[in-house]
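Number of protein chains: 2
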Amino acid sequence: MAKQDKADAFVTEITPRSQDFSRWYLDVVRRAELADYSPVKGCMVIRPYGYAIWELIQQALDRRIKATGHVNAYFPLFIPESLLNKEAEHVEGFAPQVAYVTHGGGEELEEKLVVRPTSEAIIGTMYAKWVQSWRDLPILINQWCNVVRWEKVTRPFLRTTEFLWQEGHTAHETEAEAEAETLMILHLYKETVETEMAVPVVEGMKSESEKFAGALRTYSIEALMGDGRALQAGTSHNLGQNFAKAFDITFQARDKSVQHVWGTSWGMTTRLVGAAIMVHGDDSGLVLPPRIAPYQVVIVPIGRDNWRETVLPKAKEIQAELVAAGIRVTLDERDERPGWKFSEWELRGVPLRVEIGPKDIEKSAVLVARRDTREKQSVAMNGLPAAIRGLLDDVQRNLLERARQFREEHTQRADTYDAFKQMMDGRPGFVIAPWCGAADCEAQIKTETQATIRNMPIGGSAPAGGCVRCGRPAVAEAWFAKAY
Amino acid sequence: MAKQDKADAFVTEITPRSQDFSRWYLDVVRRAELADYSPVKGCMVIRPYGYAIWELIQQALDRRIKATGHVNAYFPLFIPESLLNKEAEHVEGFAPQVAYVTHGGGEELEEKLVVRPTSEAIIGTMYAKWVQSWRDLPILINQWCNVVRWEKVTRPFLRTTEFLWQEGHTAHETEAEAEAETLMILHLYKETVETEMAVPVVEGMKSESEKFAGALRTYSIEALMGDGRALQAGTSHNLGQNFAKAFDITFQARDKSVQHVWGTSWGMTTRLVGAAIMVHGDDSGLVLPPRIAPYQVVIVPIGRDNWRETVLPKAKEIQAELVAAGIRVTLDERDERPGWKFSEWELRGVPLRVEIGPKDIEKSAVLVARRDTREKQSVAMNGLPAAIRGLLDDVQRNLLERARQFREEHTQRADTYDAFKQMMDGRPGFVIAPWCGAADCEAQIKTETQATIRNMPIGGSAPAGGCVRCGRPAVAEAWFAKAY
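Residue numbers (this note's numbering), protein chains in the order written: chain A, 920 to 1403; chain B, 920 to 1403.
Same shape as in the complex, but just chain A (with noise of 0.2 Å):
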């Protein structure tokens, strides 16, 4: 991989972020080769850089998937038509954005097969065979895997036909623990993106229209991106009995009635790469955070023709020591000027970068630079490794510091319907507005501004003043934004 940066060095160079934000965001997942168009029309390939972020998202997920005791497992990619149109309103969400296979092993299928655009229809299908008693609840089983959706406009990674996921499909005895379930995910999901990816989220409940096709009520956490707009990056559905009732997930209770399961599934997914770069980027590239980096440090050596003796040696060694106290570790060895070398990685958003020099050597120092702010400052060899650490530390909770104050400064309050629209079209970001709880009334906010509800605090009291655009009595006080 290392040796593509020096072809594509004399492409293009990216657009300031501060110009066109949009454009920005496509030249960094090109340039930094997180992602590459594909010849499937709306489907992309996540680039080994791209996916090694994907990766350490999904450890850091899977670990507290499974500390909660849920387990994986795998489930078919294929669904029957017939399973999927069991349940009424999911059918109606999902047929429109469909692939159907009509044909395998060169004979036309008697009944066309689905790829999965979510897994609900096939995993009650098969809950329905696992679960006889209540002593076979609940069931707490977890899923990565591909899906697909078509769309017609896609963005690499924020929107694709075809996307990575994990989906949790769970099965419980009672209504408040599918609750609970529903709502220990959505905080799970929101303590490892802003402990993992750096990344500030507001936790809450979504309007009835935006809610998942076939559940009860939808939970969301939102982030706000550094253009001010919302993206939603993580969800977790409370199903109530409705696909219990719609495949037939019964189960003897111990009073010996037989009762519909209480379902709950959640989801995140490889969009939350794109949060990363669109969240923390800035116009010279990416910039991770260490927990989600691939390299957490790279290691340019500098100096004069004879490097490779006076220099690379001392690299190697400094390497070895990071790379023994578990950081992740690149050392940049290529025949390029360093100059070109800085530019490069902070492209591709490494949160440190060790300089070695001659005149460093002689000091037993290095010289750190951080992405983050720029900051150098010169840190002696003996004890590398802990100070190292202590810098990425310092970066993650610097990341995560200036994301919230970015969200807290593009948050607003609006309590008439003039100062809503007025803040829609200036600074953008979020607007909390009281709101009826009518869905007509929402559509006409979303037609009038592009704002859409991102989501309502959960178990909130209903709010003193009336609804922002019409008046009748407020229901929530709920978070508006133009949305990804």
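Quick caveat, the hints were computed from the structure, so don't treat them as lab data.
There may be inaccurate statements among the hints.
Any copy, or any two copies together, can satisfy a pair, since identical chains are not distinguished.
[Unchecked claim] Straight-line distance between alpha carbons at most 25 Å, and here's what the computed BS3-like set of lysine-lysine pairs gives:
no.: 1; residue 1: 1233; residue 2: 1260
no.: 2; residue 1: 1164; residue 2: 1005
no.: 3; residue 1: 985; residue 2: 1048
no.: 4; residue 1: 1031; residue 2: 1071
no.: 5; residue 1: 1295; residue 2: 1278
no.: 6; residue 1: 1031; residue 2: 960
no.: 7; residue 1: 985; residue 2: 1235
With chain A held as given, fit chain B onto it using these hints.
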């Protein structure tokens, strides 16, 4: 998942392996909850216990793939039909087995999409875009994903329409480098399967008729199952320049000439889980090698009605101590007889069972039973983690040794066709015999004995004798077997 057992325990016992190997296999898969049939023809559900085995294999293999300089990436599930058609042998080999997507997003597609049966076509297309100069080589990419090959007769793990695998795809400057990569991966596969799964394998080259569609040469590792039939456990292909020419993957060489790259591809699949079952299992069910066992140890508290008070606290202490030592442990707290629990966990193949009762506690010891040898021994609680670790290593070693011995006892040499046929009719296993290299002779042997050439020694010189069937000069000592 644990609660699931209870209901199932009343269902059926398993067919003894000695009585009907094929039914035994299916019984173990179902009763140990490794996999289940799905409503989609030919597709299975990998249940949590089976998936946990796959995850352990996957992690062990992924670690090795990365340690040898490869990086992971992700390419689209769909391949436009025209791309698959570019390599003539490749399409001929795979076209009869593919599934076609013809409709998406409510419309008929202009071009049919193939659900990937393997990804040479889509990855080759991208490599053509990414490679310009010899400096861009080698490309060393691996992908973990699902693939679909329409199958008429299926069997859980061994042959299913959809399966999970990794597929490596590399591009090199020279033919020698590609061949070295192909063989390096073959050795890596052998080492992984032997070390992690305790399954001994025979490395070798496939005959022309058995090689991968589009490859120059295919190498494989072949394992012998408990019924004496062979199973192809992994393949590594030297693609030569076939795909490079079909997909126009060219580069400017060091001498400025334009050359096609030299390619390789290689894969191992979820079928490995089937191999582990069929190599180590016995009449009582699964026998898992510790390194791929989801639980390496099960703790079963023994005692009268009041065991929850008298024994459970100590059992939990021991569990915590073992977990802290990095051992995968489950504690069976269910309200069932110990004897019932013993059978359950034997069926599930847990390598070590730790029994703890009031008398053991008095003696500050536990009783440890090995799944492989069924030996029981009293082990002092003091220093238990180290003792358990030692026993686990011993079980792992013993299983490999036992499987190796079984294979040796079931490997024979045949010099005459009569002897060959007699061996194939009699005790099944590998038969090594000289072969002339002619496809018609190979086909004839298959028709007459059901045996196929599994593979042939790499770089071996031609044997002295004539072909076992036709007497013409032999080109290799081929390993024949009836195979899955």
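Unsatisfied constraints (hint numbers, rising): none
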